[in-house]
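With the hints as your guide, set chain B with the ligands onto chain A.
Residue strings, one per chain:
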Amino acid sequence: MDTTRLIIVAVGGQGNLLASRVIGEAALNSGIPVRMSEIHGMAQRGGVVESAIIFGDAQSTIISDNEADVLLGFEPSETLRALNKCNSDTVVITNLAPLPPFTVATGSDTYPDLDGLLDFIRTRTARLIALDATALAIEAGNILSVNMVLLGALFQTNAIPIPSQRVKEAIAKVTRKAFLESNLKAFDLGFTAASSIG
Amino acid sequence: MHKLIAEPPDTKMLLLGNEAIARGAIEAGVAIATTYPGTPSSEISLNLFQISQESDLYFEYSTNEKVALEVAAAAANSGLRSICVMKHVGMNVAADALLTLAYIGVKGGLVIVTADDPYMFSSQNEQDNRFYAKLSGLPMLEPSSIQEAKDMVPFAFDLSEKLQLPVILRTTTRINHSTAIVVLGKILTLKTKDDFIKDPFNYVTVPAVSRILHARLLKILEQAENISATSDYNFITGGGIFGIVCNGISYNYVFDAVNDLNIKDKVKILRIGFSHPMPQTLIKDFLKGCEKVLVVEEGEPYMEEAIKAFAQEEGLTIEIKGKSRDLFSRLYEFNPAQVRQIIAGYFVITYTPAQALNLSQMPEVPQRPPTLCAGCSHRATFYAVKKAAEGMETIYPTDIGCYTLGFLPPLSMGDFLICMGSSIGSSGGFSKATNKKILSFIGDSTFFHSGIPGLINAVFNKHNATLVILDNGTTAMTGHQPHPGVNMKKLNLDGYEPVSIENIVRAVGVSHVTVIRPYRIKKSIDAIKEALNVDGVSVVISQEICTLYAKGLKKGHGRPFYINEKCKNHRECINELACPAFLIEDGRVKIDATICTGCTVCAQICPEHAISPLKK
Ligand code: SF4
Ligand code: SF4
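Protein chains in written order, with numbering that gives the first Met the number 0: chain A, 0 to 197; chain B, 0 to 615.
Chain A with its partners taken away, still in its complex shape (with noise of 0.2 Å):
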């Protein structure tokens, strides 16, 4: 089987990890072959948290740079800084609703410009997909479910080779029943959004 490389980029406490437990699932129940990895710095505490998912016959757990070939971004200014992981061909996938670090919003740094950053990625990459997941999430009525509006992204431009109803069936698996339907209805929202997209 072909191998596809995932790179997952987010910040601290935005579920990244649960989101790559919900794709790990689904594909152990699709009979996808599945390797990942995580770094957690001190998550958190509003540290970076990066996730690798290998599908295929690969055995190795980590990405390399310039080998993903998709990389979906949690907050733009990550995806950006994740760019290194990606080629040409790459697939790109982002929240549009900053998360300023510290420094930005105490003012001793700057934001980068969110319309140069998103050129900067699309001229660069095969394709980009940018949609404001935190609003999608509080649409759907949790807005602790960005991570879940993001997957539905993610499995609506079928760059991952696992069908979303396996996906759907893993988020009713690993999520808190309580947040079921919100999280289901997340998933729907970024789904649709991303077909209404580039």
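A hint or two may mislead.
[Said to hold, decoys possible] Derived pair list, reagent style DSSO-like, types lysine-lysine, alpha-carbon separation capped at 30 Å:
hint : chain 1 : residue 1 : chain 2 : residue 2
1    : B       : Lys185    : A       : Lys172
2    : B       : Lys488    : B       : Lys554
3    : B       : Lys2      : B       : Lys553
4    : B       : Lys550    : B       : Lys522
5    : B       : Lys431    : B       : Lys565
6    : B       : Lys550    : A       : Lys172
7    : B       : Lys567    : B       : Lys436
8    : B       : Lys133    : B       : Lys385
9    : B       : Lys435    : A       : Lys184
10   : A       : Lys176    : B       : Lys550
11   : B       : Lys553    : A       : Lys184
12   : A       : Lys176    : B       : Lys489
13   : B       : Lys614    : B       : Lys567
14   : B       : Lys589    : B       : Lys385
15   : B       : Lys521    : B       : Lys385
16   : B       : Lys265    : B       : Lys322
17   : B       : Lys528    : B       : Lys553
18   : B       : Lys218    : B       : Lys385
19   : B       : Lys161    : B       : Lys218
20   : B       : Lys190    : B       : Lys2
21   : B       : Lys307    : B       : Lys218
22   : B       : Lys550    : B       : Lys589
23   : B       : Lys553    : B       : Lys522
24   : B       : Lys553    : A       : Lys176
25   : B       : Lys554    : A       : Lys172
26   : A       : Lys172    : B       : Lys553
27   : B       : Lys322    : B       : Lys435
28   : B       : Lys436    : B       : Lys386
29   : B       : Lys488    : A       : Lys176
30   : B       : Lys2      : A       : Lys176
31   : B       : Lys265    : B       : Lys283
32   : B       : Lys488    : B       : Lys550
33   : B       : Lys11     : A       : Lys172
34   : B       : Lys567    : B       : Lys522
35   : B       : Lys2      : A       : Lys172
36   : A       : Lys176    : B       : Lys567
37   : B       : Lys461    : B       : Lys385
38   : A       : Lys184    : B       : Lys550
39   : B       : Lys521    : B       : Lys436
40   : B       : Lys554    : A       : Lys176
For the record, the hints were derived by calculation from the structure and aren't laboratory data.
The following block gives chain B with the ligands in isolation, referenced to the frame of chain A:
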């Protein structure tokens, strides 16, 4: 039921490396598990801790790794299967026990898990603990996959009982924190109580006994080498005139590279999973069929040196390379593309690497360093210390925990750190070597781990220093594990009495001891000033629960604060505290009410009284 014991054998589960190791221990019928928490090993113990609450498994968070190993060693010598889990630097603490335990050996199986951290994702060094196997003479296993990480644990227990020696299972972060599909095995149910058979001439290591025991160890090692030479964990794949020897996570990168480069018929791979003793005969045979050999291992040239020595013994003059300026580095971790490129270069295979994007015009991305949480009690303590020491020339030795982050500006509290407990020990040196005021920081868990001997030393040898113990009621950085000072009732565990830090400090003879509540800023500053004026050793215990932990325990926070109209926008709050709840909006200071925990510290220090609690 805990997910690691709920599923029947042959179930396929998606497991984190550390979960797989915990499951492996359960499958092996482990009776006793001990640990001191440390990334990247922490989830192994966390899972065993949880399982112990619903099974016969005895689990403890020990005060440090040496104690953990001593507890496990005694249990294993009473016939029980025991596991002792630590991060790589923990092995340094346990080493005193380890090196002589190797002489005594064990009766029941004992597996020691050491989780190394190449690249230092969350550690102070990247030492290669394979050398502990060589130094102690103990057998060592190294998994390359998550499935192996699980499977090697029961194998290690069997091996340990067969050889009557502890066995080291050595992982690296990329095993511990990778996830893959694992097929579960059967769970053995073994005894949880046995007996210790007295045998002082084999157990009490006076010189005359140890001279005999060391000879015993060397003899067992010969037997271990034979097992290693035929172990399934040391295997050869592929065939050809080129040879690659690799271990652990590197095996995956080699495997993928050989596929990607399409050189399966040119290269044979020797994967070493049983890496101490090295499988001498197997390696010698392997070398004989090769024209050129590349050794792929992260860290130090552990295998490379052994392999070169074997080649020399066989009179082989083939080229064997691994660590060198143009090949592999001893620094950091490897990655698949790097290994592929070095293999291609070394064996002269042409290939086109993936093209890098042109990122020269990339807009600058601001850094996102981790910070102390909003409302973290350490921030309050650091602020109070800074104010109390204003105008003094100070040195701030610090220690290992969340509070290490206090070394970053604007708090800038942290000048020296080498290891767990070094705050207190080094304070003594600075106080003797300089005329500066010495003020050091240590967390509660670290104090129990290795701070106490340093404190006794400081008192007895009349050092001149103030120690601030940051007591936030948990081992925060590694994921809020308990320690001996913790009230276990909060974790719904009965029958534990917390050990009082204050009583310990007073008992060792510290004459000036104060307890402060750091959120009361003015009182805290006064108390610290007083402590700084004491000649000799003074201790300030700063008590306030970790705010992130409190959130997890569902203890309510105070009301969030906001900036009122009195704000003169001089931003003293931001510049001095740097609480991540602050932001600037339209040129004015704001507080993000969803982040603010209502600790009140900023409100107390604002000279304009411009910060007040939000109305309900
Ligand atoms: S986890 Fe606790 S101790 Fe660590 S930074 Fe957050 S509040 Fe502070
Ligand atoms: S009260 Fe002030 S210092 Fe405390 S968490 Fe809120 S903003 Fe931060």
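How the hints compare with the structure:
1. Pair hint Lys185/B plus Lys172/A holds up; C-alpha atoms about 24 Å apart against a cutoff of 30 Å.
2. A distance of roughly 14 Å separates the Cα atoms of Lys488/B and Lys554/B; the hinted pair therefore holds under the 30 Å criterion.
3. Of the pairs offered as hints, the one joining Lys2/B and Lys553/B holds, with about 24 Å between alpha carbons and a cut-off of 30 Å not exceeded.
4. Of the pairs offered as hints, the one joining Lys550/B and Lys522/B holds, with about 26 Å between alpha carbons and a cut-off of 30 Å not exceeded.
5. Our distance criterion of 30 Å between C-alpha atoms is broken by Lys431/B and Lys565/B, whose separation comes to about 48 Å.
6. Distance restraint check for Lys550/B and Lys172/A: the Cα-Cα separation of roughly 25 Å lies within the 30 Å cut-off, and the hinted pair is therefore satisfied.
7. Proximity of Lys567/B to Lys436/B is assessed by CA-CA distance (about 35 Å); at most 30 Å being required, the pair is judged violated.
8. Taken as a hint, the Lys133/B and Lys385/B pair is broken in the structure, with Cα atoms around 47 Å apart against an allowance of 30 Å.
9. Taking the CA atoms of Lys435/B and Lys184/A, the gap is about 62 Å. The hint is violated against a cut of 30 Å.
10. As the CA atoms of Lys176/A and Lys550/B are separated by approximately 21 Å, the hinted pair is consistent with the 30 Å bound.
11. Of the pairs offered as hints, the one joining Lys553/B and Lys184/A holds, with about 28 Å between alpha carbons and a cut-off of 30 Å not exceeded.
12. In summary, the hint linking Lys176/A to Lys489/B is supported, as the alpha carbons are separated by about 26 Å, within the 30 Å threshold.
13. Among the hinted pairs, Lys614/B with Lys567/B is consistent with the structure: their alpha-carbon atoms are about 22 Å apart, no more than 30 Å.
14. Distance check on the hinted pair: Lys589/B and Lys385/B sit about 24 Å apart at the alpha-carbon level, within 30 Å; holds.
15. Distance restraint check for Lys521/B and Lys385/B: the Cα-Cα separation of roughly 12 Å lies within the 30 Å cut-off, and the hinted pair is therefore satisfied.
16. With a C-alpha separation of about 22 Å, the suggested pairing of Lys265/B with Lys322/B holds against the 30 Å cut-off.
17. Our distance criterion of 30 Å between C-alpha atoms is broken by Lys528/B and Lys553/B, whose separation comes to about 35 Å.
18. A C-alpha spacing of about 59 Å is found between Lys218/B and Lys385/B, which places the hinted pair above 30 Å, so the restraint is violated.
19. As the CA atoms of Lys161/B and Lys218/B are separated by approximately 14 Å, the hinted pair is consistent with the 30 Å bound.
20. A threshold of 30 Å between alpha carbons decides the hint, and for Lys190/B with Lys2/B the separation of about 23 Å falls inside it, so the pair holds.
21. Distance restraint check for Lys307/B and Lys218/B: the Cα-Cα separation of roughly 24 Å lies within the 30 Å cut-off, and the hinted pair is therefore satisfied.
22. Simply put, Lys550/B and Lys589/B have alpha-carbon atoms about 23 Å apart, close enough for the 30 Å limit, and the pair holds.
23. A distance of roughly 28 Å separates the Cα atoms of Lys553/B and Lys522/B; the hinted pair therefore holds under the 30 Å criterion.
24. At roughly 19 Å between alpha-carbon atoms, Lys553/B and Lys176/A fall within 30 Å of each other, so this suggested pair holds.
25. Between Lys554/B and Lys172/A the CA atoms are separated by roughly 28 Å; this keeps the pair inside 30 Å, and the hint holds.
26. Simply put, Lys172/A and Lys553/B have alpha-carbon atoms about 25 Å apart, close enough for the 30 Å limit, and the pair holds.
27. Simply put, Lys322/B and Lys435/B have alpha-carbon atoms about 44 Å apart, too far for the 30 Å limit, and the pair is violated.
28. Between Lys436/B and Lys386/B, the direct Cα distance comes to roughly 14 Å. Compliance with the 30 Å bound is thereby established for this hinted pair.
29. Taking the CA atoms of Lys488/B and Lys176/A, the gap is about 28 Å. The hint holds against a cut of 30 Å.
30. Among the hinted pairs, Lys2/B with Lys176/A is consistent with the structure: their alpha-carbon atoms are about 17 Å apart, no more than 30 Å.
31. Proposed proximity of Lys265/B and Lys283/B is supported: the alpha carbons are some 19 Å apart, at most 30 Å.
32. In summary, the hint linking Lys488/B to Lys550/B is supported, as the alpha carbons are separated by about 17 Å, within the 30 Å threshold.
33. Note on Lys11/B and Lys172/A: the hinted pairing holds, with a Cα-Cα distance of about 15 Å set against a maximum of 30 Å.
34. For the given pair, Lys567/B sits about 26 Å from Lys522/B by alpha-carbon distance, which is consistent with the 30 Å threshold.
35. With a CA separation close to 13 Å, the supplied pair Lys2/B and Lys172/A stays within the 30 Å bound.
36. The straight-line distance between the Cα atoms of Lys176/A and Lys567/B is roughly 48 Å, outside the 30 Å bound, and the hint therefore fails.
37. A C-alpha spacing of about 25 Å is found between Lys461/B and Lys385/B, which places the hinted pair at or below 30 Å, so the restraint holds.
38. Restraint check for Lys184/A and Lys550/B: satisfied, since their Cα atoms lie roughly 28 Å apart, inside the 30 Å limit.
39. Only pairs whose Cα atoms come within 30 Å are accepted, and Lys521/B paired with Lys436/B is accepted, the gap being roughly 21 Å.
40. At roughly 23 Å between alpha-carbon atoms, Lys554/B and Lys176/A fall within 30 Å of each other, so this suggested pair holds.
The structure shown violates the earlier hints numbered 5, 7, 8, 9, 17, 18, 27 and 36.
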